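Assemble chain B onto chain A, guided by the hints.
There are 2 protein chains.
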Amino acid sequence: MTELSYENDGVSDEAIGDPWGISDETRDALADRLGRARQSVIDGHSSGNLGFLGLPDANPSGLTAWAHRKREGRWTDAVVIGIGGSSLGTEAIFQSADSSQLDGLNLHFSSNIDPRSVDRLLDTVPLDTTLFIVVTKSGTTVETMSQFAIIFERLVDQLGSGRAAAQIIAVTSPDSGELRSLADRHGFESFDIPPNVGGRFSVLTPVGLVPLALAGYPIQELLDGAASMRDRFLERDPENNAILRAAGDIFSLYQRGMQELVLMNYADDLEGLGEWFRQLIGESLAKAENRRADTVHAGITPIAATGAVDQHSQVQLFMEGPDRRLVIFGGLDTFDADIEIPDHALPERLNHLAGHSLADVMDAERTATREALQEAGRPTAELMLPDLRPASIGAFVIFWESATAILGELLDIDAFNQPGVERGKRIAHEKLL
Amino acid sequence: MTELSYENDGVSDEAIGDPWGISDETRDALADRLGRARQSVIDGHSSGNLGFLGLPDANPSGLTAWAHRKREGRWTDAVVIGIGGSSLGTEAIFQSADSSQLDGLNLHFSSNIDPRSVDRLLDTVPLDTTLFIVVTKSGTTVETMSQFAIIFERLVDQLGSGRAAAQIIAVTSPDSGELRSLADRHGFESFDIPPNVGGRFSVLTPVGLVPLALAGYPIQELLDGAASMRDRFLERDPENNAILRAAGDIFSLYQRGMQELVLMNYADDLEGLGEWFRQLIGESLAKAENRRADTVHAGITPIAATGAVDQHSQVQLFMEGPDRRLVIFGGLDTFDADIEIPDHALPERLNHLAGHSLADVMDAERTATREALQEAGRPTAELMLPDLRPASIGAFVIFWESATAILGELLDIDAFNQPGVERGKRIAHEKLL
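Quick mapping for you: the protein sequence lines, in order, are chains A and B.
Counting from 1350, one number per residue, gives the positions in the first sequence under this note's numbering.
Counting from 1350, one number per residue, gives the positions in the second sequence under this note's numbering.
For the record, the hints were derived by calculation from the structure and aren't laboratory data.
Note that the coordinates shown come from a computational prediction; the quantities given were computed from them, not determined experimentally.
A portion of the hints provided could be inaccurate.
Chain A regions said to be covered by chain B (calculated; three or more residues, Cβ under 8 Å) [to be verified]: (1) 1450 to 1462; (2) 1483 to 1491; (3) 1526 to 1535; (4) 1619 to 1632.
If you only want the chain B side, here are some residues facing chain A, beta carbon under 7 Å, derived [to be verified]: (5) R1465; (6) E1502; (7) V1664.
A few chain B residues that face chain A, going by a derived Cβ cut-off under 10 Å, partial list only [as the list claims (entries may be wrong)]: (8) I1432; (9) L1437; (10) A1498; (11) I1499; (12) V1505; (13) Q1507; (14) L1508; (15) A1635; (16) E1638; (17) D1659; (18) H1701; (19) E1731; (20) L1782.
Each residue gets a CB set at the ideal place from its N, CA and C atoms; glycine is no exception.
The following block holds chain A by itself, in its conformation from the complex:
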């Protein structure tokens, strides 16, 4: 199997010199620290405190069979009601899929409480043949439970309470929380979110797998790709370990003042995974305090961009604006469809495009934009996926989750909490009392 590959020539001191270029000495000096960071993550994995690395080993055959029965039944649509980590990853993986990979229910997502969006959703889905998958670990997520209450009432009004309950699937904490209580009271089908996996690391739990299985997405392949990447992360030496190399580069540049991390994927269908990356990096690494309770205000501003489109939007900033970011270019080794550019109808000045395919042009634009940044002394790297198949997507998920965990160790912060959002939540509740 072709692997996801990380290439970092564009951060070396040979390529870009001072102030960003990373020397072999710097890398060597960091190697031990990276090894220790990995060991901490492995220890968390072994002790069961840190659940995300074990998720790829789940056997999804029971879930797949369950989803198959639902798809054979009278259901036509499924709606994920969840926000943040309870939907971003699921939606991202769903968006990366080709329609040929999705032979199940029509899947929809309702994250926000924008009344226009909720109204449109309720106009779109056939209420009596739609499953509603309510995803919240605590069961007190305001946006999710508000939508649940509205939809459940409509179902009860229209179909009666027995049939309504059969259309709700709860994905929540196994033995506590408000949604668990509701599920017990009303008899909703339910799935557990493991307690040792946080929201933004949860896409390979039932949070993602239940909706994806209902949509017909091949979740076994997704998990296989994730397992294979996880094993490479656990086993390979640091110099040959894509995740440790990437985390090491990001950390080295951060120590020198790098503030923004751009992931610029040259593939439209990776846009959702860009949004997912943005949450993962943004929430995990931005912390007021380190583990010793020193005030540090750590954090990297994540930026998700799409090539070639954002060459016409963000690249001017990356080239000429303040020099404070690492741009990781992403792309696909292979597009499963490609189209050749014909020679007639091209303007004369573009005649050299004839005979190239669109994928060739994407490739040329990606490598050219990277070279231009490198000429300007700005750091770049490249993270290529073999393709958009589920195994590659699974590898991508584990790549960034593991890199984030390693960065948490290097920064000596807790990458798995989000204390900064509590104050706003409390004020909002007070306003609504």
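Okay, now just chain B, sitting in the frame of chain A:
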């Protein structure tokens, strides 16, 4: 008519103190400079060098009548082929519209050269009843002209060259450029992009108006709202002038080290306008050199966020990460649909939500998140739109275009070019020779 409103208590020194709080003295000291900046922009407008402020005065009745004839004819769909400023604004306005405002052709956008996306598009639209609107000022935009060549060949193969030419509409430079030559040669219908309006300021030219008119969007109302905002910008004194106040705040904070400008809109249908804002701020203000050719590497990193969704993704970073950004909260005074949260089926701990509407909750979350940032001493402001009607959207467009022009003056840079992207383009062409 209710106006778009900008409220900036959250950047005052009373609200947030040092280091960000702006005192009355600072504002007074900047007032003259803001006045001069506005005068420069007005001079550019009067002399005809700067076209964007005159665009709202166009009479669109000819265009509207033309679009009406097309919509009455055999056409079902229209596809915008354009990238960056040639499509971002159009797509943004289109996305902000309610389906009830769109009684024309089905509008699609094809920006990227991702082969999967182009392939899907060609599978989706009925080739013989679709108009293709090719938008590029120079006619040498690689992404746009590659797609044009592919589509034109398919049309010619399938329908013959005469009928093929009748399905292409060129929006381009009036008297030069490669697309203009092709239009003349093949007899495409065409519309002019005024030479004194740059791509990212062009949404109120035929770049945006032609597709929007075909989709049935009320472009007269859009222009009216833009004209009204433009007049307020030109006429009102600086203290009472929303655009000058916002530009002054952004500039004052930038001088003190503010690096990121977040626009966090609490409305899903403003997402496209967030993308448009991102290009406008990113490309316009990031410049290696100022007008005196000093190396400055000016620039602000624009971040588009959507509330309440990004409270579960980016707010942890805004609250606890490095303190270097201004967050402007956006929202709607009125949602045209709203839904009440019923009292049964809510978890006990959320019972206080019952009886509130979704819009109430959005409001509470927006103001609460802002208050939490303010408590942490971080600068915030608020830019509210009355609603999502075309007049409000037109005002929003002029607000940010004018603020950007003012910021260009204050930074003493050329806000209307993008020299940094040329190097990458040249390298890409070399790779494809």
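Tested hints:
no. : hint         : verdict
1   : 1450 to 1462 : holds (count 3)
2   : 1483 to 1491 : holds (count 3)
3   : 1526 to 1535 : holds (count 4)
4   : 1619 to 1632 : holds (count 5)
5   : R1465        : holds, 5 Å
6   : E1502        : holds, 4 Å
7   : V1664        : holds, 5 Å
8   : I1432        : holds, 5 Å
9   : L1437        : holds, 7 Å
10  : A1498        : holds, 5 Å
11  : I1499        : holds, 6 Å
12  : V1505        : holds, 8 Å
13  : Q1507        : violated, 14 Å
14  : L1508        : violated, 14 Å
15  : A1635        : holds, 3 Å
16  : E1638        : holds, 8 Å
17  : D1659        : holds, 8 Å
18  : H1701        : holds, 5 Å
19  : E1731        : violated, 15 Å
20  : L1782        : holds, 5 Å
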